[in-house]
Amino acid sequence: MRPRPIVIVVGVAALFAGACSEPRSAPQVHASRTLEYQSLQQAARDADAVVEISVEKAGAVETVGRMPFTVTEARVVDVVKGRYDGTTVRLRQLGSAQGGGLVPEGELLQAGKRYVAIVVPFTFGDFRPTGQHVVVGAWQGLYRVEGDELVATDAARTALPRRLKRSSFVAAIAEP
Amino acid sequence: MRVRARWVAVVAAVALAAVAVPDGRAYAYLGCRWPDEPIGSTKLRYATSGDADTWRAAGQRWSDAGANVSFVEDPLVSVFTASSADYGNVSFDGFIQYQCVAGFFVPRQVEVGLNTFYTAGYPAGMRLAVAGHELGHAAGLGHNDSSECPSRPLMHSTSARWVQCGIERPTGDDTAGTRGLYP
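Residue numbers (the working numbering), protein chains in the order written: chain A, 1 to 176; chain B, 1001 to 1183.
It cannot be assumed that every hint is accurate.
As the list claims (entries may be wrong) - Simulated DEER-style distance windows between Cβ atoms:
hint, chain 1, residue 1, chain 2, residue 2, range
1, B, 1045, A, 131, 38 to 44 Å
2, A, 66, B, 1148, 43 to 49 Å
3, A, 167, B, 1164, 43 to 49 Å
4, A, 120, B, 1053, 29 to 35 Å
5, A, 167, B, 1056, 34 to 40 Å
6, B, 1107, A, 48, 18 to 24 Å
What the hints assert, rightly or not - Here are some, though not all, of the chain A residues that point toward chain B, as calculated from beta-carbon distances under 8 Å:
hint, residue
7, 39
8, 55
9, 61
10, 110
11, 122
12, 123
To be verified - As a list, the in silico SDA-like pairs of lysine to any residue whose alpha-carbon atoms are at most 25 Å apart:
hint, chain 1, residue 1, chain 2, residue 2
13, A, 81, A, 149
14, B, 1043, B, 1104
15, A, 57, A, 114
16, B, 1043, B, 1089
17, A, 165, A, 28
18, B, 1043, A, 30
19, A, 57, A, 125
20, B, 1043, A, 28
21, A, 81, B, 1043
It should be emphasised that the hints constitute simulated quantities derived from the structure, not laboratory data.
Where a beta carbon is used, it is the ideal one built from N, C-alpha and C, also for glycine.
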């Protein structure tokens, strides 16, 4: 059976539409930092606590305007420095792994991984408590645990170490 | 025809990235830019939602700097939005959010913003520096942390550009970057 002309026209049109449509990249976010820490000690001094956390499930996305943030609840497995009351922390990070809002400069917390986070309570300008925390220095204050080493999640080259032993990290954030 | 145009755009983008930096200037690109306008320098039209005076003043500094790109407030035919809002103490004071197709920004899918949690308390010059920095992103420039004071560019990635160096307007590195994008 010969195909009807209308089928051929629609088919060719669909082929052209497919060839001409450009795949849109996911929305990207570039953030400009307020400051850059020159040492781990300096970062820890600005924080309320340094905690080791275990991430068990992916975070949820909250938006402010069109800007996506991911809030991830993680279990606190150790308080490395300072005081932290509670067994979990809700960490707020810029960006989203769902539907765009990718941030090339940093890493969103991933389920099944452990991190050491240098944190302060998160607040908006009204300074009311939110029950969330953020890491200091954008992504400078977040290290991924790999064995007995800590690996920086910050993609930017800064003065902070890219990879170091956990014992070196603890020594570095100690007060003189 | 469209497929051919796409390849031309891709080849042009690769060639642009490979162009040697003129007169020793340093800059970096986001990998996304606006199409050329037919005549004259590129005018980027934007709409504001908040801090309009700051965005206007920061845009004027780009126009005055001989950057081959200027910013015009025009909500009717805007291609991007310049906004401000309280995002909290998240360690960033400005941002760009954008979509890019084949090396070009998608109109109306680009937003630059100020985080008023910080910028509301900044001195005027420091706030202008953040706004000017974000407009540099809206033109297609990336972060450039290659220089120390006093030649640190406006596109330095942190507000140390102003705190340490007093930079609050586009420098030679920044305008060399935009002239490379919009010759």
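The hints, checked one at a time:
Range check, residue 1045/B to residue 131/A: about 41 Å between beta-carbon atoms, so the 38 to 44 Å window is met. Residue 66/A and residue 1148/B have their C-beta atoms about 35 Å apart, which leaves the hinted 43 to 49 Å range violated. A hinted range of 43 to 49 Å for the beta carbons of residue 167/A and residue 1164/B is inconsistent with their spacing of about 33 Å. Range check, residue 120/A to residue 1053/B: about 31 Å between beta-carbon atoms, so the 29 to 35 Å window is met.
The given range of 34 to 40 Å is broken by residue 167/A and residue 1056/B, whose C-beta atoms sit roughly 53 Å from each other. One distance hint, 18 to 24 Å for the beta-carbon pair residue 1107/B and residue 48/A, is violated here, with the actual separation near 43 Å. The closest approach between the C-beta of residue 39/A and any C-beta of chain B is roughly 15 Å, which is over the 8 Å cut-off, so the hint fails. Taking 8 Å as the C-beta contact cut-off toward chain B, the hint placing residue 55/A at the interface is violated, the least distance being around 19 Å.
Proximity of residue 61/A to chain B is violated relative to the hint, the smallest CB-CB distance being about 14 Å (cut-off 8 Å). Interface hint status for residue 110/A: violated, as the beta-carbon distance to the closest one in chain B is roughly 19 Å, over 8 Å. Restraint check, residue 122/A versus chain B: the minimum CB separation of about 6 Å is within 8 Å; hint holds. With a cut of 8 Å, the hint placing residue 123/A at the interface with chain B holds, because the nearest CB-to-CB distance is about 6 Å.
Taking the CA atoms of residue 81/A and residue 149/A, the gap is about 17 Å. The hint holds against a cut of 25 Å. Between residue 1043/B and residue 1104/B the alpha-carbon distance is near 15 Å, which keeps this suggested pair within the 25 Å criterion. Pair hint residue 57/A plus residue 114/A holds up; C-alpha atoms about 12 Å apart against a cutoff of 25 Å. Proposed proximity of residue 1043/B and residue 1089/B is contradicted: the alpha carbons are some 34 Å apart, above 25 Å.
Restraint check: the Cα-Cα separation between residue 165/A and residue 28/A comes to about 32 Å, which exceeds 25 Å; the hinted pair is violated. At roughly 22 Å between alpha-carbon atoms, residue 1043/B and residue 30/A fall within 25 Å of each other, so this suggested pair holds. For the given pair, residue 57/A sits about 29 Å from residue 125/A by alpha-carbon distance, which is inconsistent with the 25 Å threshold. Straight-line distance between C-alpha atoms of residue 1043/B and residue 28/A comes to about 23 Å, which keeps the hinted pair within the 25 Å bound.
Under the criterion of a C-alpha separation no larger than 25 Å, the hint pairing residue 81/A with residue 1043/B is inconsistent with the structure, at around 52 Å.
Comparing the model with each numbered hint stated earlier shows that hints 2, 3, 5, 6, 7, 8, 9, 10, 16, 17, 19 and 21 do not hold.
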